[in-house]
Structures are given as structure tokens and as C-alpha cells.
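**Q** Listed here are the chains, written in short residue letters.
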Amino acid sequence: METWIGRSVPRLDGREKVTGQAVYTVDVELPNMLHAAVLRSTRPHARIVDLDVSGAQSVPGVKAVVTGRDFPYTHGGMIKDQPFIAFDRVRYVGEVVAAVAAETEAIAQEAAARIRVRYEDLAAVFDPKEALAADAPILHEGMADYPHSPLYENIPGTNVCTIRTFTKGDVQTGFAEADAVYDDEFYIHAVAHTPMETHAAVAQHSPADGGYTVWSSSDGPHRRSKELAEALGLPVNKVRVLSTYSGGGFGGKGTLVAEATVVALAAFTGGRPVKMIFSREEELSAAQTRHAAYLRIKTGVKKDGTLVARSADLIWDKGAYASKGPDVTYRGAMTIFGPYRIPNLEVRSRLVYTNKQIAGAYRGYGVTQVTWACEAQMDMIAQRLGIDPVALRLKNCYVENDTFINGQVMKAVGLTETLQRAAREIGWGTPKAAASGPLRRGRGIATTLKGTATPTESQCVIIAAMDGSVTLLTSAVEVGAGQHTALAQIAAETIGVDPTTINVPNSDTFNTPYQFGTTSSRVTFHDGNAVRRAGERIRKRILEIAGEILQTDPGRLSMVNGRISEEGVGERAGIKEVFSQKFPRGGMIVEHGSYCPAGSELLKADPGMPQGLSSAFWMFATHAAEVEVDVETGIVKVLKVAAAHDVGRVVNPQLCEQQIEGSVVMGISNTLMEEFKLDRGRVLNNTLADYKLATMMDLPEIVAIMVEAGHPEGPYGAKGAGEPAVAPTAPAIAGAIFDAIGVRITDLPITPEKIRAALKKAPC
Amino acid sequence: MKRLKPFAYREPKTLREAIRILVGEGPRAATLAGGTDLLVRMKQGVVTPSLLVNLKRIKGLDRIQRPKAGGLSIGTLSTIAALERSALVAKRYPVLAQAAGFLGSPSIRQLATLGGNVGRSSPAADMVPSLVVLKASVIAEGASGKREIPLDTFFKGPGQNALAPAEIITAIVVPDAAPSSGAAYVRLGRREGMDCALVGVAASLTLDGAGSVAEARLAMASCGPVPLRARGAEAFLSGGGLAEERLREAARLAAGETSPISDMRACADYRREMVEVLAYRALAAAVQTDRKAR
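Which chain is which? The protein sequence lines are H and U, in order.
With the first letter of the first sequence counted as 1, position 51 gets the number 51 in this note's numbering; the numbers rise by one all the way through.
Numbers in this note's numbering are just positions in the second sequence, counted from 1, shifted up by 764.
For the record, the hints were derived by calculation from the structure and aren't laboratory data.
Note that this is a predicted model, so its numbers are computed, not measured.
Hints may contain errors.
Simulated crosslink set (BS3-like; lysine-lysine; CA at most 25 Å straight-line) [unchecked claim]:
#, chain 1, residue 1, chain 2, residue 2
1, U, Lys807, H, Lys677
2, U, Lys820, U, Lys807
3, U, Lys766, H, Lys63
Generate coordinates for the entire structure from the input sequences, incorporating the hints supplied.
**A** Following this line, the structure appears as C-alpha cells:
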């Protein structure tokens, strides 16, 4: 029985945050710091014919004005296609055309407004289907020459940034064997991440050694360091990335955004640091979005509901530059088959450049998008066949030891339990409140599976100082989900100390070891395993020291909450007393831990199948929603969401519950309210008054249910949470609307106007 | 973060001093009360006043009181939150408290003022339809003295009103409601709070001794360039009873009297359709409040 795993330990960063002491990137203040502002493109697609920065240079207080010609570097973690600052060409409204560093932000803004640009407009394209047309304007003529991983195959001479396919079995045979074949198309829209803390970064250049120091709330400090080093031709040990607390990311802080601009400026300020904070308007129009997508799926099914074949054709809206799109859309495409056993599969996924704001990683990494299509179609199939939607899912869903599409045997599959418990909590199959006036009630359910980026590495260092106090050095970023607290609990459990006494400083790529990123719901599992390994070593050494000081066999000693006991004797000493005797003149013990699942038997796939599709662990989630639709206004009110998540062993129930609740809120918001209003690629609603997010007033009763299918390789059985939580909300709400009024919305967001229009066609 | 452009700033202690400053500065001066709208538009660069005249140091402009002659006088600096929780308002004009509860968020209502909501003259102003059906007037004071402008004739277009240069709204006055009358405001947004009205409809109904409609007033937000009255629907209701089909017909007429626009918030057709839905709901609710009052 564990002491600290499974307990709602209060967050380590809680006190610091509620008292306003926590330092976020926007709070970073350095001596001699300059402030940045940028001039952004007003054109969706144009050549820069003339760029006159003299007006900006003449403003008193301006230190540097930088254009793409001054700093002609490009970056991109997957495809190196994005200039730090536009180089003779702009590809979306909002692209940085020139940047200014000045003594104050107001001066920088004033100066940026004085830069004159002459554009020659180029034909622009805003819809990925149109961008696929033979005569569509091309965004990246030189695409074939961009450095990129061989995984990301493009089609030169087109806007297809990447194309990926997958085949298993034979879908034509499958369709021929099916009793019915359904072919449906769905659309999912782009949405903003809207973190509370907008994108921000501070950079300082060292004229002496040519290196850079960057302060950032990015979710992957070591990867940002690598991307910057590769872009600038520097070794990684000349690019230091310091993490602050992060005021939310949700995937949007997973690439170089504000970092790129301040790095470019810092090269020209003689060593003075430069800070940039995105305004909310910039955050909503020139940061990153979720990829919009057209998702066409064709599913063959037997009369009894058995799924026999599925083919899919996916077209993803990339926006102007690759960012993490190639991988997001690949992971998404490989999940279009849902958490279901289907013998015959085929998918083609194309990621297509358009002249719009860049799309990037967004909570769920592509899975959110495909879950919308997969689950909405499951409901439609259930309805067409006259089968209960829960029963249809239970009939086909993965259970323990089923194989994923590449043949990986799946372990710790708690999917069935999530379906059953979410359904029970929402009252599935029990009578609903009767219609009252214009109000109609309905219930819907949807499920999802999500893997984690595999194989990836996490390392950590644990220090026990001369007084026995413990510090955990990790590059896992505290993005707000409680990562540091969860890791401290794992360390505390393993070592035998109180987690609230463990120090977990924010990371520094020169001082905290590599970890892949606080992404892909991977920290608890991967970093947790690294911490557990380092913790076991530290514990062993502490007990050895104790044995030496207490003159007994360390094998007879154990430690709980920092108190050391001897078998058959009882408590002997505290870690502090033992360490002060061991280190009278100072000292410490240091242990390293690392974890990477590469080579694990658990990842083994079928021969000839992509091994990279195997996941270190699989997460499952089911959301069930009850809604009330006003048939006269088309307004949907979500009354209750039951969200059952198989997260493996729960490390901290309260943090886990908060993840689930937060995701449900995000899901409701982007299903019913959030939407970019665009005019030729320009975001019209770039304020929080017009970009509608759900407020506390819109929230339903949320019941978070934790299903604990313990993972054989997870730390204390833990898997992960966070990403899958948002995916099933939209299809669950859409299903509930259908149940209420008989109207099926297939394109997100679900607006009152769409509901009214649909009702007029098919009055209920 | 967007920075405000430089501007001068004054805090007059009296109304007379405020008017003098406004006259001296000319049209680029702006009066500041809650600032929940003005400062946002200044940040967006939509307005660039050379001088802000903060009215909040002037004493007595935030009173909500019942004058001896009857009715209600609401000082221009009364916050929306104050209206929302005023016992006097709740007792005599519950529709105003109801409308106040729709405006912005609790924190915005704590700052935003009634004078600001009326003076901004947005067609979407949440307080205005209810004030219009209650026959409210604006009390304005300028260099040439004090005058009363019926709210019905106050609005001239989006953001435009009958105020003369350097004239300040000092209060909104509402006459006593007739006995046997009721009023209600219903509005539609995309979310439950912090939202601009896609459509808002206020209705008031006054009955005669026989139970027929002696007077009906319907006012609508976000349905045209100014807050609109549905005069055709009002005329239709007058003299008749309160049968559901009559209210529905009036709502249909009201929708026909609007000229909403399509914008990024909603399309014109949807807005027009919603006027009909909301006008009926407002009328039905007004009947209910009347029944409750009796």
C-alpha cells in the first residue's frame, strides 16, 4: 500500500500562484531589458516589394529594427519552412514583416507603426480543398528543398505539405462483405488555444560567444533549444532555454512563436535582452490554431453492428507553415478507425497549405478532430441500423490484449468500463424529462482512444542535499496541470519522504536533463518512470548512509516520510540527523534516472507494419452528455457531462479531476461557441468579446469518473490524462442534440443558426 | 500588450467645471465614467480622444432616488450593479434589474454606468429597450443649461445621439408605471454571460379596467441602427386582449418592423426570426409580471 500515490496532495505551486508570486514569462524582468513590437502582414499572400524601416529607426528609444533580410534564417521542427521574419514574401495575415526593439513597449509599438511596406498581392487560397485544385496558387514553390524528415513526404508543385497513407486487409472485400456501407463527410473547424498567458518570450544574445538565452513558457524547452540551434547553426550548448511557469499552452506553445521574434531581435541589441508579449489580438490572429479538417469516412457494417471495413480521406487545413502539422495529422489519421476492431482499413491523409494563420498542435494532437468524425458516424450507424449507440460501441470496442491497427498488443485497456460508467452516470436508457414548451432533452455518448508519442525519452536528476532535503531536477514544464506535484509524489513515494518538502524548480536546459516535452499526456508516465528510477537509487544511498551512521545493516532499514526505521527495532532517526552527521562540512548525493520505452516488448508490432504507431500506453475516455435544445432559438444548453477516463493508476485524484473538468469546459466551448470569423484570411473576431469562450455561466454539472486500468510499465501503474479529455465532448453533444430534436449537425461548431436551419428542413 | 495612445486627463469636482473643460477642449474630448467601453475602444484605436474628463469625482451623480413628484431618477454614474441590487428598482421597475443582470459580467457591472450605456448609444445596449418601454428620458446638462430628452428620440444612429457638444447626461428619469402594468426584457446571446445581445426585446403592457390592453410598448436591441420601437405591433395590441394568438401575431408584426444586419455575430434572417420568438416571450413574461404584481 502506497503512502503518496492516489492522494490529492495540494499542488506544490499552489501557494506561489494564488499569492501572485509565481513567475510566468510575461513577468520576466531583466536589467537593461528592451521591449519588442512587430509589424504584421495585412495581406494573405504577397511579395514584399519595398520595406522602408527608416521611420521606425528615427523614433527616439528604438534600439533595433530587424527584417527578414537582416536575419535570413528559417525554422521548423518537422519541416524547415518558416522564416523567423518574413523574407520578401508573406503567406498569411499576421505574419511578422519587421520587428522593433525599444526602451519601452509603447515606443516599440509606435515605431513599428511607422514602417512602410509595399506589397504586390499574389493570388491567395483559404480552403484546403480549393488549395488542392490543379490551378490553385502555390504557397511554397520550393517545398521539395526544405530540410525535412523522410517521414514527411510532400508532393512538389502542389500545396500538399505532407501525404500519408495506411492500409490493412482489403477494404473493397470488406465493403463487399458488409450488409451496409455508409459514406459520410464531417468538418471540424479551427479554434484557438486561448491560454490565459498569451505567447511571450525573452531572449538575450551573447556577443562574446554567439550564444542565446531564451526565457519561455514553451512546453518543450530542450526541443526548442534543438530547433533554435538547428535553425541558427549553433551547437545546443549555446542555446539555453529557461522555463518559467506556463499560463496554459494546450499545445499552442509547442513550437517557436514569440521566441523566434525575440531571438532575431536579440542578435542586434548588443547583448541587451528583448522581451515580447503577444496582445490578446495577436494571440487570436497570429499565434497558432487547431487544424481544421474535412473528414470523409466510409464504413462497412454487418446488420448486427459488427464493423468490417473503413476507408477515410482526410484533408487538413495547414495554414501557412508546417509547425507540428505533419505529425499532428499523421497521429490523427491513424486514429480515424477509433477504438474499434475493424479488420479492413485504408486511409489517405493530406495536409494542405492555405493562406491562413498557422495551425499547430492542439490538445489531442489530431485525435480530437478524427474523434469528431468517427464518433458522429458511429451514432449515425447506430441510428440507421436501429442499434443502441452504447451497445454498438461495446460490440466493437477494444478490450484487453486486442491489437492496435499495426498489431501492437494493447495492455491496460479500460475502455469498456469508461463506456459503462459514463452511460450509467448520465442515466442512459432511463426516461428523460418531458419536453416543456420549446425545450427538448437529449443524451449522447462518444468515446476515444489516444496514444502517446512513442518512443520518447525523459531524464531527471534527484538531489538529496546535506540536510536530507530533496530537489528534483526535471525539464517537465509545469504547464498548469500539476506536473511538478505529480512527479514530486512519485519521487516521495519511491524515496520515502513527504512530497510537499520536495523542491521542483522550473527547468533550464543547461542544468536540467533532457525530456521530450510536456506534451502528448506523457509526463506522468515517462518522467514518472525516470523519477522512480532515480528515486530508487537515492533511497538506496540514503539507507546506506543511514546504515553507516547508525551502524547497522542498510538492508534492515526503511524510510517513510523522512523517518528511518530498523526492522525489529523501530524508528531510529530522521534523514536530517543522519545527513548532518554524514556531511558535517557539506555535500550532497545526486542520482540520475532515465526512461525511454524504445525496444520494449510492449511496443512490438506485426512485421511490415509501422512500428512507430505503437504507443507506450493507451488512454481511453468516454463522455456522455445531456442537453436541452430550445427549438425556437436553436440554443443548446449542456446540462450534464459524465466523463469517464481510463488514466491508469491515478497519482493525484484532484489534479486528475481538474484535468477532466477543464477539458469538458474546453470541449463545450469549442463545440458550441468558439469559431474564427475570417475575411480573406484575416481574423475579424480577434478579441475575447467576439471570440466566444464558454464562461462559468455556461458550465453544466460535470462528473469526472476515473477508471484505473493499471499499466504494467507505468510508474505505480499510471498512464496519462489531459489530451483525450477534450475529444469526445463534441460528438457526445452532437449525439445528444440528435436525440433531442432529430437533427444531425456534421460540421462544427454547432451554432443556433445551424440548428434552426436544420430544423426548418426537418421539423421535429 | 496594446498600449494606449497618450491623452490628457482631468478630474473636475463639479458639473459646471466639467462642462467648462469639455467646451474648452472641443470635440476630441471624451467623458469617462466606468470606462468599460471607452478604454477598450481607445486600445483598439477606434477612438483617440485628446482629453479624458473623468466624471466620477463629481458628487451626487450616482444616486438612485424617487423624486417627490414620483417616478425614479437614476444618476448617470449609477453602476449597473447598483441597479441590479437596488431595492427601489426591484420594487417599482423589476424589468430594469432584470436587464441589468444581462449586461456584461459581474465585474463589468461593478464599473459600468447607466449613463455610459445610454450615452454610448449602441443599438445593442442592454439597458435601453427596458428604459424605452418605461418611457424614460435623458436629463442632459450643457453650457446652455439643462434639458430633458425622451429616450424615444434620443438615438440617432449607431454611436450617435441627440446630445449637443459638451453636453453631459446627468440622469435618466423614469415616470411611475401605470397601475395594472407589467414589463419584461428577454435577450439572446451566444453564451450566458459576457455577451453582446444578438437580439433583445423589452415589452410593457398596461391594462384597462376591463382587462384589455390600454397601452403596449415593444423596444428592441440589435435590430437596426438604433434601439427600435415596434409601433405596428404596439398598435395591433392596443384595445385587444391577451390571448396567446394575439401576442404571437404582435410578435410576428414586430419582426417585420426590424432591419437587422448580418455581421460576424449573426445573420440578419436569424436575427429577424429571433425577434419574433423573443417578442412573444417578452410579451408573455410582461403578462406574467403583471399578474404577479396584482
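**Q** Run through the hints listed earlier and report the numbers of any the structure violates, in increasing order.
**A** Checked against the structure, no hint fails, so every one of them is satisfied.
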